[in-house]
Amino acid sequence: MLKNRIIPCLDVKNGRVVKGINFVDLKDAGDPVEQAKIYSDGGADEICFLDITASNENRDTIYEVVEKTSKKCFVPLTVGGGVRSVDDINKLLNCGADKVSINTAAVQNAKVVEDSSRKFGSQCIVVAIDAKRKDDGWEIFTHGGRNPTGINALEFASKMEKCGAGELLVTSMDKDGTQSGYDIELMQKISSMVNIPVIASGGVGTLDHLVDGIKSGASAVLAASIFHYGTYSVNEAKQYLASKDIPVRI
Amino acid sequence: MDVTIVDYKSGNISSVINSFKEVAKDKVNIEVTSDLNKIKSSDKVVLPGQGSFKSCIDGLNSINGLIDTLSEFTLYTKKPLLGICVGLQMFADVGYEEVETKGLGWISGKVSKIDNQNGKYKLPHIGWNQINIVKESKIFKDIENNSHMYFVHSYEFIPNDNSVTAATTDYSSNIVCAVEKENIFGTQFHPEKSDKTGLKIIDNFINL
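Line by line, the protein sequences are chains A and B. If you read the first sequence in our numbering, its first letter stands for residue 1, the second for the next number, and so on. If you read the second sequence in our numbering, its first letter stands for residue 1001, the second for the next number, and so on.
Hints in this document: simulated from the structure, not taken from any laboratory. Small disclaimer: the values here were computed from a predicted structure and weren't measured. We put the beta carbon where it would ideally sit given N, CA and C, even for glycine. Any given hint might turn out to be false.
Claimed, not checked - Straight-line Cα separation of at most 25 Å, BS3-like style, residue types lysine-lysine; simulated pairs:
hint : chain 1 : residue 1 : chain 2 : residue 2
1    : B       : Lys1044   : A       : Lys71
2    : B       : Lys1054   : B       : Lys1110
3    : A       : Lys111    : B       : Lys1054
4    : B       : Lys1138   : B       : Lys1054
5    : B       : Lys1102   : A       : Lys119
As the list claims (entries may be wrong) - If you anchor each label on the Cβ, the simulated ranges turn out as follows:
hint : chain 1 : residue 1 : chain 2 : residue 2 : range
6    : A       : Asn147    : B       : Ser1172   : 38 to 44 Å
7    : A       : Arg146    : B       : Asn1160   : 52 to 58 Å
8    : B       : Asn1145   : A       : Lys134    : 48 to 54 Å
9    : A       : Asp60     : B       : Asn1037   : 34 to 40 Å
10   : B       : Asn1145   : A       : Asp135    : 29 to 35 Å
11   : A       : Arg146    : B       : Asn1145   : 46 to 52 Å
12   : B       : Ile1067   : A       : Ser225    : 47 to 53 Å
13   : B       : Ile1067   : A       : Asp41     : 38 to 44 Å
14   : A       : Gly137    : B       : Ser1062   : 45 to 51 Å
15   : A       : Ser225    : B       : Glu1136   : 45 to 51 Å
16   : A       : Ser192    : B       : Ser1062   : 40 to 46 Å
17   : B       : Asn1160   : A       : Thr206    : 48 to 54 Å
18   : B       : Ser1173   : A       : Asn94     : 33 to 39 Å
19   : A       : Asn235    : B       : Asn1160   : 40 to 46 Å
Could you build all of it, start to finish, from the sequences and the hints given here?
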């Protein structure tokens, strides 16, 4: 039976982890490779790096991070943030990323999704959707949630599936950072509408939130803070899900 | 010993290279090449494959003499070869992804889209699923039945002769996820991304 995935996400800036796990025995708390290794040894089903490097001159730092991590972690590695073109995707894959997540570029030019999924296979193309409630629906935002687009999130999700996305990483901007749980209605709507896996993101504060995320129809749940601050380990999260009869890999 | 990972510019093989190098350490030489002479002289060959069945076959065909060299290595000199994901699928006679495409024909069978039962099952089949080992295979030495492996695919290999099936996984139906026919081995899942159990399978192959 296919298991639901738990995906810890690490924010990486200029090649360093920000908001990393605060373990005393860490040699270097800012080292993404070491942090990723802790997660994979702890049972993470996948690792996600979100590159939040702002300046262009430091953009290449992520390639080195990915290259080093992929030599130490033997679980799938997804990398997103600042991915603009098929060429960027190619570079990340060559460095050892298994999947690349595309946000702004997918909205601006759906052809990037079409071309890259044809070239590298849908399995490595994740479209990241940042959605915020508006009227009785959701609007998508680009540039790390800064720019509104006027595009309906459900319509966009459906379009991305047709363009060849292998998965959708859906983040609720209303919930992100609140620790009050996923936007369940958003996850339900998108998961039931598309036939590709959905990764729920944004708002996890407790282990019950992970349970709710899976029950909403998402195939995987992504979380950052609860793991970063050591509130729970990945293993504790999996044990909890298993105790609620949710199939996970233990 | 020389193990060659065939580099035919189709898909992303960094993870395969990293995992084999991790397991091989300094004991075994891992080559990544499409050089026909190097393939011929190596002891074992790994055939990775990502993207579509057609794009992988096209990739093999784009290198003059590569398919003949691989077929000779596998069918005549009978040295061990491991196909991963689409690398396994290409063993078939024919694949139906994008358009009907002729496969290598090393193991009789076809590659078709997984039946998603009218949307009941999401495709691609992505994530960790358990394998049901149905026959003893050398690459499953010290691998427990029901171990978790990492999958990502929408198409499945359906062999004509079930005796080649080494393991299946349950997703919509019992999907063939590992084959062994004499010196030919294949996994639909990605051992290079399946953590310690996956690395053990790679170790088993290297130590055949």
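Each hint, compared with the structure:
no. : hint                             : result
1   : B:Lys1044 / A:Lys71              : 22 Å, holds
2   : B:Lys1054 / B:Lys1110            : 13 Å, holds
3   : A:Lys111 / B:Lys1054             : 21 Å, holds
4   : B:Lys1138 / B:Lys1054            : 30 Å, violated
5   : B:Lys1102 / A:Lys119             : 20 Å, holds
6   : A:Asn147 / B:Ser1172: 38 to 44 Å : 40 Å, holds
7   : A:Arg146 / B:Asn1160: 52 to 58 Å : 56 Å, holds
8   : B:Asn1145 / A:Lys134: 48 to 54 Å : 51 Å, holds
9   : A:Asp60 / B:Asn1037: 34 to 40 Å  : 36 Å, holds
10  : B:Asn1145 / A:Asp135: 29 to 35 Å : 53 Å, violated
11  : A:Arg146 / B:Asn1145: 46 to 52 Å : 50 Å, holds
12  : B:Ile1067 / A:Ser225: 47 to 53 Å : 51 Å, holds
13  : B:Ile1067 / A:Asp41: 38 to 44 Å  : 40 Å, holds
14  : A:Gly137 / B:Ser1062: 45 to 51 Å : 46 Å, holds
15  : A:Ser225 / B:Glu1136: 45 to 51 Å : 46 Å, holds
16  : A:Ser192 / B:Ser1062: 40 to 46 Å : 42 Å, holds
17  : B:Asn1160 / A:Thr206: 48 to 54 Å : 51 Å, holds
18  : B:Ser1173 / A:Asn94: 33 to 39 Å  : 35 Å, holds
19  : A:Asn235 / B:Asn1160: 40 to 46 Å : 43 Å, holds
Checked against the numbered hints above, the structure violates hints 4 and 10; every other hint is satisfied.
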